[in-house]
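Peer 1: Each chain, written out:
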Amino acid sequence: VKKREIFELKAELNSDKKEKKKEAVKKVIASMTVGKDVSALFPDVVNCMQTDNLELKKLVYLYLMNYAKSQPDMAIMAVNTFVKDCEDPNPLIRALAVRTMGCIRVDKITEYLCEPLRKCLKDEDPYVRKTAAVCVAKLHDINAQLVEDQGFLDTLKDLISDSNPMVVANAVAALSEIAESHPNSNLLDLNPQTINKLLTALNECTEWGQIFILDCLANYTPRDDRESQSICERVTPRLSHANSAVVLSAVKVLMKFMEMLPKDLDYYGTLLKKLAPPLVTLLSAEPELQYVALRNINLIVQKRPEILKHEMKVFFVKYNDPIYVKLEKLDIMIRLASQANIAQVLAELKEYATEVDVDFVRKAVRAIGRCAIKVEQSAERCVSTLLDLIQTKVNYVVQEAIVVIKDIFRKYPNKYESVIATLCENLDSLDEPEARAAMIWIVGEYAERIDNADELLESFLEGFHDESTQVQLQLLTAIVKLFLKKPTETQELVQQVLSLATQDSDNPDLRDRGYIYWRLLSTDPVAAKEVVLAEKPLISEETDLIEPTLLDELICHIGTLASVYHKPPSAFVEGGRGVQHKRLPARAGSGESAESPDVGQAVSAVSDAPPAVIPSQGDLLGDLLNLDLAPPTSNVPPVPSSMQMGAMDLLGGGLDSLVGLQCSSLMVSSVLGGAPVGMPAGLGAAPAVGGGLGDLFDLGGGVGVTAGSYIPPKTVWLPAMKAKGLEISGTFARRSGVIHMDLSFTNKAMSVMTDFAIQFNKNSFGLAPAGPLQVLTPLSPNQTVDVSLPLSTTGPVMKMEPLNNLQVAVKNNIDVFYFSCQYPISLLFVEDGKMDRQVFLATWKDIPSENEAQFQIKDCHLNSDAASNKLQGSNIFTVAKRTVDTQDMLYQSVKLTNGIWMLAELRIQTGNPNSTLSVKCRAPEVSQYVYQCYELILRN
Amino acid sequence: MIGGLFIYNHKGEVLISRVYRDDIGRNAVDAFRVNVIHARQQVRSPVTNIARTSFFHVKRSNIWLAAVTKQNVNAAMVFEFLYKMCDVMTAYFGKISEENIKNNFVLIYELLDEILDFGYPQNSETGALKTFITQQGIKSQLQTKEEQSQITSQVTGQIGWRREGIKYRRNELFLDVLESVNLLMSPQGQVLSAHVSGRVVMKSYLSGMPECKFGMNDKIVIDKQGKGGTTDEAGKSELGGSSGKQSIAIDDCTFHQCVRLSKFDSERSISFIPPDGEYELMRYRTTKDIILPFRVIPLVREVGRTKLEVKVVIKSNFKPSLLAQKIEVRIPTPLNTSGVQVICMKGKAKYKASENAIVWKIKRMAGMKESQISAEIELLPTNDKKKWARPPISMNFEVPFAPSGLKVRYLKVFEPKLNYSDHDVIKWVRYIGRSGIYETRC
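Here the protein sequences line up with chains A and B, keeping their order.
First residue of the first sequence? That's 1 in UniProt numbering, and the numbers climb one at a time after it.
First residue of the second sequence? That's 1 in UniProt numbering, and the numbers climb one at a time after it.
Selected chain B positions facing chain A (Cβ under 10 Å, derived; list incomplete):
id: 1; residue: Tyr20
id: 2; residue: Ser186
id: 3; residue: Ile250
Chain A regions said to be covered by chain B (calculated; three or more residues, Cβ under 8 Å):
id: 4; segment: 119-131
id: 5; segment: 312-320
Calculated from the structure, these hints are not laboratory results.
Being a predicted model, the structure only gives us computed values, none of them experimental.
Backbone N, C-alpha and C define an ideal beta-carbon position, used for all residues, glycine too.
Model the full assembly from the supplied sequences, consistent with the hints where possible.
Peer 2: Have a look at this one:
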């Protein structure tokens, strides 16, 4: 600001005429707004403060709030007026003074603020009280200790019982904010009495107050389902409020509390039905709010698809919708697509694919592909729609279509390959890496049906080094596939690509993959074929699912920024404020797993469930071992599971898994045996490569050295008294993937025992002796013999009670004896029980939440790594680990011999000996046995 | 909560800047300007995160309103607040324009100080605000103590939207049922989606603190009454005039904050103490049995590569005694159109090159009539591979009935303290149906 201007303003501010003064202050504020520095006028402006003109006073206050911090000493000049104003007979002036004082962040002023604030909190006028309530939050932000020392928090708590609804609402807002920075303070001591007060105020306060109260209610956890229901009943009327934020906050409370309601309750169904119409109504709000609503609906549809399953039409895109609304609607359309509505959806998507906005069109084309994969009946129509779109020759449409067609090939092999010719025609127009990679994958995968596959691939090879990594990797794999399919004509080509990948590239991923192929091909082409051309796992129907724990957390944040970003608050909020993780309440009665009538049924339910594989990106292991192909959207490496197993076995010493053995030993021999035939001469890098492979194995095993599985000590199963002198004690163990029953026979009788035989009754998991009982006969008196009996799981199945009960009959020359024993269910955990991360995610979501059981594991002093290590010894595999603050969450998978998958989440808090275990399984009756195993393994 | 609120003109110059929280610095003002207003690309989201600071914006004509925060705020609330802010400003000084904002900046600061405290929205009902934010230079001493406490109790009270002691010589109220009917139809005449979004707007000039009760032909209410056999209420005070036998299924409705929601939830009755003057009582949405006032039948034929023949027939589908007004049919034309010849039976049609459309306007049209337009469109040959997207044909119109079938059954007024009864109140009801997005694909 020019000096002259300041000088003139100064003169005007000190003028005697009130009007002139006021105009001058206005000018000062105008300069302040545009960012000019007018702090030099501080004393002159403050001098105008003592006026009976409210408007002028407010302007001066505005100035003060802006500059007090830079002029703390002079700001003191204002204190007197503030204190005086706080005593003014006019409540508007009292409130104004206390409101403004709280905004002046100068320590000395804050000291003076305490007394007036205390009075204002108990003012007779509600307007003053509601302003004072917010002022406590302001003061807390400046000096939290002072607020506590002065006892303002208690006064604030008292205001929750105020007779005026707006005072209550502001007090709730202030307390909620203060509570966020004191996570454990129990400041917002929500109990049924306060909840009742809040619900009463909810009916009476302003729309904004209702939002504060609803957001606060959402933090409460009702004691039981009845309380939960009664709160829901009082919150549902809010769904008809004109203010969308009130509606969304009410939806949040309902979505959260609904978790606690039993699903068979009539009210549960009523509530579900009540939620749909208001959500649809949100879509007729202004576009910005529609966007917020759609982002939230995206979460709600993932959490509870049943709510909106019949509302597909409202998500149809309108021609004039802003692009951000269009893209979100499209996302939800794909999620809601089902056999019932697929025809309509496809017709819509086809329309969208001709629109102008490139991103939108791409997404629409991709959506058509997703529909084909999701709804089998529609696949044919989708493919022909995509072909029509390819005919348009619009470059980005063609490329997008090719990317999705590749996924369709994966999902429905040998069905639509007739379109390959059309795709090949467009080879030249592809300039995006993803589309090029997809096309190359198609050529490689169907090399035997494409006559000129070699020429096509060769044409890509010319510019190999200019391609992106994605395309290079794909090209490498495709040519190797081609070679394996047509070895005679393509030898030169494969040599060329291998040397390009291994010698001329500085990309470690590419080089490693090149070397692995090279060795595979040079040592054992049959194995190479098995690895490279292995059958691929199915791809999943759903994409972009949010991880279940994150989804649950986001449901607790409906309506807020977190729900718009689909990220937890900690990802975008600085400091400690508001970043505590919220969780959905557990359903009443979880913990006791419900008895299901028949395990057999449950088992078949599991095996019927389609295997789901979702593309994984950024999975290091996947990337490294992805021998097949890697366009990140579509598939998962076909071999890793066996590779991984081999790797683990190598380190564990037990080489027995068939495929694993084959390929791992193969690779090791090539590494240890120095440069194998056909390796480039300059490969002095062999040790380095070996190291690299070692790293791979480390990854595969999760941890370098795995602890063995826990074997409980032998116990006496059959006392001698009951068996005419024969005592049998025993235990179970799983060694190298084979279940063993370790038995000790002791002869406590006087005569020799011979002719031992053993038989099992039908049992829950079909355990049966794999061979005859080998007892060195005869067993003389007082002699003990140890026998290890291998067991198979192919015997007859019958559900036992308890589930892990085993009835055994042992015969000898004297008699037949019966006893029963219980085996730890960990016996049945198989070695390939490590689930892919994405599959894990999808499965976790897929299993209904009533199948989830929660347990406490007490007195376990292991940290998460040690626990994970220990559990892995018993084939409980850690799929992923997430650390939140001091809490580690291990996501683990277990597969039983009969194919049942168990998914578990283990939460371990540093320094807390008690951990929480959540188990999800389609056969929930197994959960508690799994829990027993966890306890057994972790404690020993 | 909201950390700051900025208003910019189209160039990105700050007109208003009010910071509520310490974590928002002056650089936030510039960050939004640089990253959003001056951004080269079209805005992709109304919420932007720049360096851990979130910006919410709405645009009114060429004015940008931005709310800033660093916390996990209630996003829906922030947008609702921004809209409310626009409403309040419009109520005070009319259209939101650069000039009006500059001329009223002192008032805007005063309002911002009042309706947002530490980033928490406070009472923002214009009715209440106007009682004490006046820009008249009120001197605090001039208000009596009674007046003051009346203001504060209204601002904080249960009925924050109405002040005590309102008096009219003539008690009068106007009800407008305003509907916009939305349609998306396939070229073959199949309804792809159709819904009515309606509003009941009320202008009330009533004395005292009147209790009102509003009734319409809501299917749920009618069915309930039918069962109970008490139809006296329905028969007695009919306002609509025409036969209100038929009831309509309302998908969902939302109400002004004056309506007692818990009462609606339990009894489905709409009772309230109305604000003074004009306000929106309710919004609703229906999707069943909608009367589609017009049917558009398109016929587009491509004659070679340089010519298009378009024929569009519109049929009106309502009582012949009623008249539709302001009818406009918009037929999109390809970008490479070089010339258009139009013939229409009724109204006027013009090719508007700047809008890439033929606009056909008809002033009035009675029910059960039909009219048609045919056009020949000459095209320039292009080497553009991309096919013309054929945007849908859209229509605008206004009809004097409610396409949803909604009928007002009664609006009763009770004011026990003053001596006027329901019969003394003069009531007016009007139905207007307008086209929302009314499109037929071709």
